[in-house]
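There are 2 protein chains.
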Amino acid sequence: MRQKVQLFSVTLAVLVMTSVTAEPADDIKPPMGYRNWFHVNTMIVDKASPLFDTLGGMHNVHVNSVGEAALKKGGPYPDRTVFVTDLHEFSVSDGSFVMGNRKGLAVMVKDAKKYAATGGWGFQFFAGGDPKKPVVTDAAKQCFECHVPKKDQDYVYSTYIP
Amino acid sequence: MRQKVQLFSVTLAVLVMTSVTAEPADDIKPPMGYRNWFHVNTMIVDKASPLFDTLGGMHNVHVNSVGEAALKKGGPYPDRTVFVTDLHEFSVSDGSFVMGNRKGLAVMVKDAKKYAATGGWGFQFFAGGDPKKPVVTDAAKQCFECHVPKKDQDYVYSTYIP
Numbered sequence: 001m002r003q004k005v006q007l008f009s010v011t012l013a014v015l016v017m018t019s020v021t022a023e024p025a026d027d028i029k030p031p032m033g034y035r036n037w038f039h040v041n042t043m044i045v046d047k048a049s050p051l052f053d054t055l056g057g058m059h060n061v062h063v064n065s066v067g068e069a070a071l072k073k074g075g076p077y078p079d080r081t082v083f084v085t086d087l088h089e090f091s092v093s094d095g096s097f098v099m100g101n102r103k104g105l106a107v108m109v110k111d112a113k114k115y116a117a118t119g120g121w122g123f124q125f126f127a128g129g130d131p132k133k134p135v136v137t138d139a140a141k142q143c144f145e146c147h148v149p150k151k152d153q154d155y156v157y158s159t160y161i162p
Numbered sequence: 001m002r003q004k005v006q007l008f009s010v011t012l013a014v015l016v017m018t019s020v021t022a023e024p025a026d027d028i029k030p031p032m033g034y035r036n037w038f039h040v041n042t043m044i045v046d047k048a049s050p051l052f053d054t055l056g057g058m059h060n061v062h063v064n065s066v067g068e069a070a071l072k073k074g075g076p077y078p079d080r081t082v083f084v085t086d087l088h089e090f091s092v093s094d095g096s097f098v099m100g101n102r103k104g105l106a107v108m109v110k111d112a113k114k115y116a117a118t119g120g121w122g123f124q125f126f127a128g129g130d131p132k133k134p135v136v137t138d139a140a141k142q143c144f145e146c147h148v149p150k151k152d153q154d155y156v157y158s159t160y161i162p
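These protein sequence lines map, in sequence, to chains U and H. Just so we're aligned: the first sequence equals residues 1 to 162 in our numbering. Just so we're aligned: the second sequence equals residues 1 to 162 in our numbering.
Next comes chain U alone, as it looks inside the complex:
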């Protein structure tokens, strides 16, 4: 279960960035239509979590059609696979957790050659989902370091839940 929590350590590293920089680490853009991509899983980081301050929210993970078959096998992923975490606020009422506004979009793009230094993956996080607000400037340090333990799943924490 601890491993599951680590799933979003990439986001943790990203969210602790306080500045909205003009020098993103790459040319990754927020993908279009990701809410129609395969729904991989959902996770909520709640107030009781030590990660809440940086990671709190409702995380919905999607993968594009390029990576869907690989997800079901547990990787490895072909080039042009894209994962998106659609991170939203949530509220709690009468014991139910309800989705709120978007906090941001975390994106992983596979290109074995281009991103060879970070396991073949490019990483970016867009505050509020805004293409003008990328916050990752050093993907190796802010993102990839936390994915290294998942090398046997091609550095992807998410697994297929039928």
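Where chains are identical, the list cannot tell them apart; a pair therefore holds if satisfied intra-copy or between any two copies.
Quick list of in silico lysine to aspartate or glutamate cross-link-like pairs, DMTMM-like style, CA-CA up to 25 Å:
1) 29 <-> 68
2) 73 <-> 130
3) 151 <-> 94
4) 133 <-> 111
5) 73 <-> 89
6) 150 <-> 94
7) 72 <-> 89
8) 72 <-> 130
Hints are computed from structural coordinates only; laboratory data are not their basis.
With chain U fixed as given, assemble chain H onto it according to the hints.
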């Protein structure tokens, strides 16, 4: 917020059925490919909810392409619109809620003529997502009654969250 909780009262009505009947109320089948349909929203009904015994779980709502534009307008929905609630177990670890196995699929299908007696919607719930385990035998009583208050949204509780 109370209204949001009512969103799943249809499922409540369904889940309190204890028998897996051989006489479903309609010919609705679990749709294929719904995890690639537009992701409408997520809700978790947790242990603290008075609805937990019957409704507990992680609810991911999807709508097919026929109904997507109508969702964004708040209805009404054209015939052949389908909503699916993909209901899963969840576990909690260190304050994070993690998705588990499927508990069931709740399905709403729009056909104004065929389902005129229930607001133009057909309703079904499949235990475990199994096409052989429909549990709704009286959609008017088990499902539609709880949707009547949402007549101004074409009897749909879910709303579009950008």
